[in-house]
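Chemist: Listed in order, the protein sequences are those of chains Z and C.
Using this note's numbering, the first residue of the first sequence is number 1, and each one after it goes up by one.
Using this note's numbering, the first residue of the second sequence is number 124, and each one after it goes up by one.
One should not assume that every hint holds.
[Claimed, not checked] Computed footprint of chain Z on chain C, listed as stretches where at least three residues anywhere in the stretch have a Cβ under 8 Å from a Cβ of chain Z:
1. 151 to 162
2. 221 to 227
3. 231 to 239
[Unchecked claim] A short list of chain C residues far from chain Z (calculated; beta carbon distances all over 10 Å):
4. Arg-128
5. Pro-129
6. Ala-137
7. Arg-141
8. Pro-148
9. Gly-177
10. Gly-187
11. Ser-196
12. Val-205
13. Asp-208
14. Asp-210
[As the list claims (entries may be wrong)] Okay, derived cross-link-like pairs now, EDC-like style, lysine to aspartate or glutamate, Cα gap no bigger than 20 Å in a straight line:
15. C:Lys-203 <-> Z:Glu-45
16. Z:Lys-80 <-> Z:Asp-19
17. Z:Lys-17 <-> C:Asp-142
18. C:Lys-203 <-> C:Asp-155
19. Z:Lys-17 <-> Z:Glu-35
20. C:Lys-140 <-> Z:Asp-19
21. Z:Lys-80 <-> C:Glu-158
22. C:Lys-203 <-> C:Asp-219
Please keep in mind that the hints were generated in silico from the structure rather than gathered at the bench.
On a predicted model such as this, the values are computed, not experimentally measured, just so you know.
For each residue, glycine too, the CB sits at the ideal point set by N, CA and C.
2 protein chains.
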Amino acid sequence: MPTARPNLDPAIAARLKRDPNGLVPAVVQQYDTGEVLMLAWMDDEALHRTLTTGRATYYSRSRGTLWVKGETSGHHQYVKAVSLDCDADALLVKVDQVGPACHTGERTCFHNPLATTAQGETS
Amino acid sequence: MPTARPNLDPAIAARLKRDPNGLVPAVVQQYDTGEVLMLAWMDDEALHRTLTTGRATYYSRSRGTLWVKGETSGHHQYVKAVSLDCDADALLVKVDQVGPACHTGERTCFHNPLATTAQGETS
Chain Z
1 MPTARPNLDP AIAARLKRDP NGLVPAVVQQ YDTGEVLMLA WMDDEALHRT LTTGRATYYS
61 RSRGTLWVKG ETSGHHQYVK AVSLDCDADA LLVKVDQVGP ACHTGERTCF HNPLATTAQG
121 ETS
Chain C
124 MPTARPNLDP AIAARLKRDP NGLVPAVVQQ YDTGEVLMLA WMDDEALHRT LTTGRATYYS
184 RSRGTLWVKG ETSGHHQYVK AVSLDCDADA LLVKVDQVGP ACHTGERTCF HNPLATTAQG
244 ETS
């Protein structure tokens with residue numbers, strides 16, 4: 001379960017739309033190159049810590065705990081900017097990623113291309 | 124409920140890890156500038172159509188139906204590439220976005236910055 005009594009700014013907490021588990025998906029992007037590094041999940045306390053410590057912090061759904069990215073791997077994410085989407089149910093976290101973002105050692109987690117049989121025309 | 128009897132390639136369907144509602148989050152990125160445009164959701168049939176028609180197609184959780192981005196607004200997304208993440212539970216869809224991605228008229232849905240009180244150091 002997400003953290004009880006989170007410290008998140010009440011003005012942000014009031015806007016945030018969480019899933020039934022109290023979580024919001026966070027798209028993580030390298031701030032300068034624009035690479036999408038990973039998709040992670042935040043509860044209110046993870047968002048609070050991400051906004052106030054400068055280190056990207058997520059909620060691990062498999063372990064059921066908060067998780068400072070890089071705390072074991074050293075592959076920290078230094079937070080540059082955070083924004084909320086129009087529906088207040090998704091976050092975009094721009095970071096400076098130290099080393100690979102993916103636990104496999106790849107730079108980004110999105111390293112498995114799927115074949116497309118129709119290439120979209122360019123507008 | 125997601126589409127019954129989807130046409131998705133069985134090899135992809137076997138890899139995909141869906142949430143309890145049968146959905147996978149899809150990060151949508153402008154292919155050339157790297158802007159993150161929106162976060163949407165796909166069921167198997169939406170992913171099949173995205174991979175085979177060249178037009179980004181999602182599953183609308185509020186309406187409970189498939190939704191071709193731009194079908195009413197004209198703000199289509201021409202699909203350039205699709206990839207699956209390391210855990211097979213998130214998608215990255217690179218598109219060429221016609222006009223604004225957001226229903227508010229903003230270019231991207233992530234147009235609400237949240238204040239950070241500690242700026243991450245650059246590695």
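Chemist: Over 10 Å to the closest beta carbon of chain Z is the bar; see if Arg-141 (chain C) clears it.
Modeler: Non-interface label on Arg-141 (chain C) holds, nearest chain Z Cβ at 14 Å vs cutoff 10 Å.
Chemist: Can you confirm whether chain Z covers the stretch 151 to 162 of chain C, using C-beta to C-beta distances below 8 Å and requiring at least three such residues?
Modeler: Three-residue rule met by the stretch 151 to 162 of chain C, so holds; n is 7.
Chemist: Between Lys-80 (chain Z) and Glu-158 (chain C), is the straight-line Cα distance small enough, at 20 Å or below?
Modeler: holds (15 Å)
Chemist: Evaluate the condition: distance from the CB of Val-205 (chain C) to the nearest CB of chain Z exceeds 10 Å.
Modeler: violated (5 Å)
Chemist: Within a Cα-Cα threshold of 20 Å, do Lys-17 (chain Z) and Glu-35 (chain Z) meet the stated pairing?
Modeler: Given pair Lys-17 (chain Z), Glu-35 (chain Z) is violated - Cα atoms ~26 Å apart, limit 20 Å.
Chemist: Beyond 10 Å on every Cβ pair: is that true for Gly-187 (chain C) relative to chain Z?
Modeler: Nearest chain Z Cβ is 16 Å from Gly-187 (chain C), so the label holds.
Chemist: Against the 20 Å threshold, does the CA-CA distance of Lys-17 (chain Z) and Asp-142 (chain C) hold or violate the hint?
Modeler: Within the cut-off at roughly 17 Å; holds.
Chemist: Against chain Z, does Gly-177 (chain C) hold up as non-interface, every C-beta pair farther apart than 10 Å?
Modeler: Since the minimum Cβ distance to chain Z is about 4 Å, Gly-177 (chain C) lies within 10 Å and the statement is violated.
Chemist: Against chain Z, does Pro-129 (chain C) hold up as non-interface, every C-beta pair farther apart than 10 Å?
Modeler: Holds, because the least Cβ-Cβ distance between Pro-129 (chain C) and chain Z comes to about 15 Å, which exceeds 10 Å.
Chemist: Would the non-interface assignment of Ala-137 (chain C) survive a Cβ cutoff of 10 Å against chain Z?
Modeler: holds (13 Å)
Chemist: Hint check: Lys-140 (chain C) vs Asp-19 (chain Z), CA-CA at most 20 Å. Holds or violated?
Modeler: holds (17 Å)
Chemist: Are all beta-carbon distances from Asp-208 (chain C) to chain Z longer than 10 Å?
Modeler: At about 4 Å from chain Z, Asp-208 (chain C) fails to clear the 10 Å cut-off, so the statement is violated.
Consistency with the previously given hints fails for numbers 8, 9, 12, 13, 14, 15, 16 and 19, ordered from lowest to highest.
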